[in-house]
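Asks: Using the hints provided, position chain B relative to the given structure of chain A.
Note that the protein sequences, when read in sequence, are chains A and B.
Position one of the first sequence corresponds to residue 1 (our numbering), numbered consecutively onward.
Position one of the second sequence corresponds to residue 278 (our numbering), numbered consecutively onward.
Treat the hints with caution; some may be incorrect.
Said to hold, decoys possible - Just so you have them, the derived chain B footprint on chain A, three or more residues with Cβ under 8 Å:
| id | segment |
| --- | --- |
| 1 | 82 to 94 |
| 2 | 103 to 116 |
Said to hold, decoys possible - Not the full set, but computed from the structure, chain A residues with beta-carbon under 7 Å of chain B:
| id | residue |
| --- | --- |
| 3 | 98 |
| 4 | 100 |
| 5 | 121 |
| 6 | 145 |
As the list claims (entries may be wrong) - Some chain A residues near chain B, calculated using beta-carbon distances under 7 Å:
| id | residue |
| --- | --- |
| 7 | 68 |
| 8 | 70 |
| 9 | 74 |
| 10 | 120 |
For the record, the hints were derived by calculation from the structure and aren't laboratory data.
By construction, the Cβ of each residue, glycine as well, lies at the ideal position given by its N, Cα and C atoms.
So you can see what is in the structure, the chains are spelled out below.
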Amino acid sequence: MGTLSLTVQESGTVSSLSDQAIETHGLTKRFKNFTAVDHLDLSVRRGEIYGFLGPNGAGKTTAIRMLCTLLSPSSGTASVDGYDIVKQGNDVRKRIGLVSEKMIMYPRLTALENLMFFGRLYGIERKALRKKSEELLEMVKLTTFKDKLVGGFSSGMKQRVNVIRAIIHDPDVLFLDEPTTALDPQSTRFVRDLVKELRQRGHTIVLTTHVMEEADELSDRVCIIDHGKIMAVGSPQALKDRYNTQNLLDVFLELTGRELRDSADGRISMRTPMGRM
Amino acid sequence: MAESITWDLALDIARRDLLDLWRARMLLFFFILFPILLMSMFGYMYPSVPKSNPNTGTIGTAFPNLPISLVKMDDGQTANLIAAQFIQISGQQGLFTVSETASYQAAHNQLVLGNIRGIVIIPQGFSDALVAGQPATVQVTVDETNPTTASVVQSEISAVFNIIGSSISAQNINKMDGGRVNPAFIMQPISVTRIPLITGVSSSFQFLAPGFMALTVVTGSLQGVATAISREKEQGTMDGLLVAPIPHRSIILGKVAAQTVRGLIQGSLILGLSMVFFGVQIYGSPIIMLIVLVLGTASFVGVGIIMTAIAPDQETAQMMTMILQFPMMFISGILFPIDQLPGWMQYIGKAMPLYYAADALRKVIILNASLATIMPEVIILVVYSFLTMTLAIPLFERAMRR
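So that you can see chain A by itself, here it is in the shape it has in the complex (with noise of 0.2 Å):
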């Protein structure tokens, strides 16, 4: 019981030094010769929406995994709600909710069952779990589609199911890998006034996006990210005036460059051998 009393302390001393939900320090994750997120120090506030921006190959998804504990970092540290990704896995991911860019979701269970069964992972007891699977789904106007298999459902239909799937267990931090990527307008709007709605309600939110109007639109903060490391941090606004420009699109060209960025090989090399991201 020797841990448990430490993770207490540890936790009760972090939280209490900073309103930060996330916090990473020097976080750095190394594929064979390639470095995807290099001593990358984050920190975002309880409550806000931080957009994360980049473009292709910047580190976005591997620093969302590595957060999520779906991935080991090489070097460096990191904390969500004070709880150390590493040392403190399981306590994180009882906190955090994860719309990653392939839908976490099974094609033979109807929508209801799908929330059912993650939201049993979770440990929340049938009754009260089949009760806010419902509230969740009226939420996003899927009640009468609750019954049929996902599989079947359109895409902005299952990005909805997807959502509400990963905040079935309440969770303070909620990540948003391109929630709104191949959705017709319709279900973007529902989406991202979706998100707002989140935000309304208490859970913080890392959304990455490639869309800078959506950034803008939503988000508190961004952090704009190349190369692993950050390049710039603040409210849309604070950037747009730094950088004297009406829209997000030119300081993130600005910051990012014009060229294209081809995936390039190294990468996907790296991603084939261990069949991730």
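Replies: Then chain B, alone, in the frame of chain A:
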């Protein structure tokens, strides 16, 4: 990490995996078709053999009504009589369809063409020899391109002539001493009767069915676990499991449990079919059978997990299990007894846990072995389970967090 297995979580995961199979109707169809196909194929390839019985003169055959030729080069009365008897007995017992051919050359041509499987020649002087009280010889040529039918034809022809020979001897002895002694006493003072190990119909299928059952359950779950884990990794749902505060062991256990249930369903289908259609009988306890099958699965499923940890995608994982599975089928004593293999191969075969699972299962099903009797096999399987799992779990954890 001080994580313990959460059993109800494992159960949830297993239930979901099975629900997935149930909803994938086409997959389910082939899942059920597979053991049926396998069983009917091998069932008819290794048909039941009616038991031979020396008292009633029943021979019994696995290959009924094989076509053979009879070439009669002696036209004596005795030769004709014996030829007629041969044709009659062969027909009665369903051993051969005998056609008479005029010359050995003509019959030989037929054999080369594959129209007949053997030739019986009654040579010149056959009648004279018998009438003079001398032993006579019948010559046989068989189709040696097929060793199995060749030996069957040869031995069945001998068996028929034994029956004919015995009745001739009995007549002769009766003639000589006027029925004062029992002819059988003079012809065969000592005879050997087999007390069957198992009653009922003897069939090589009785040997095959338990082996197939073990094979299906063990390799099915090996491949199933590898496929299930790598599929979830590829489609992204594995992230949903890994990002939840649950021990990895529960995920593994849930997957293994679901695959074991799948394996047992297929295994039961195999056993059921071989009982209904191919006369296989169970003499042992179903509970011990279940124990052996579950242990067999546990002994090997770790290898499947190790493979998923290594393989980058589903396709590679499948290929890897296939490579392991296919040779195992031939050298673990499933299709034929392991004694048939060269020595070094026997060592490899005996290093496979499948060998012990199949062997134990056979002893239980056919010989009604108790748990104590199969204890050596059980211990070996437990040791295998322990070793492979100890290796598999940390490898899985590492692979998933890489």
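Asks: State for each hint whether it applies.
Replies: Against the structure, the hints come out as follows:
1. With a threshold of 8 Å between beta carbons, the proposed coverage of the segment 82 to 94 of chain A by chain B holds, since 5 of its residues qualify and at least three are required.
2. Check on the segment 103 to 116 of chain A: 7 of its residues sit with their Cβ under 8 Å from a Cβ of chain B, so the three-residue criterion for coverage holds.
3. For the restraint placing residue 98(A) at the interface with chain B, the shortest Cβ-Cβ distance is roughly 5 Å, inside the 7 Å limit, so the hint holds.
4. The restraint placing residue 100(A) at the interface with chain B holds, with a minimum CB-CB distance near 6 Å, inside the 7 Å limit.
5. Annotation: residue 121(A) was flagged as interfacial toward chain B, and the flag holds, the nearest CB pair being 4 Å apart, inside 7 Å.
6. This hint is violated: residue 145(A) has a C-beta 17 Å from the nearest C-beta of chain B, more than the 7 Å allowed.
7. With a least beta-carbon distance of about 5 Å to chain B, the hint placing residue 68(A) at the interface is held under the 7 Å criterion.
8. For residue 70(A), the suggested interface contact is upheld, since its CB lies about 6 Å from the closest CB of chain B, less than 7 Å.
9. With its C-beta approaching chain B no nearer than about 11 Å, residue 74(A) sits outside the 7 Å limit, and its interface hint is violated.
10. Because the smallest distance between the Cβ of residue 120(A) and any Cβ of chain B comes to about 5 Å, under 7 Å, the interface hint for this residue holds.
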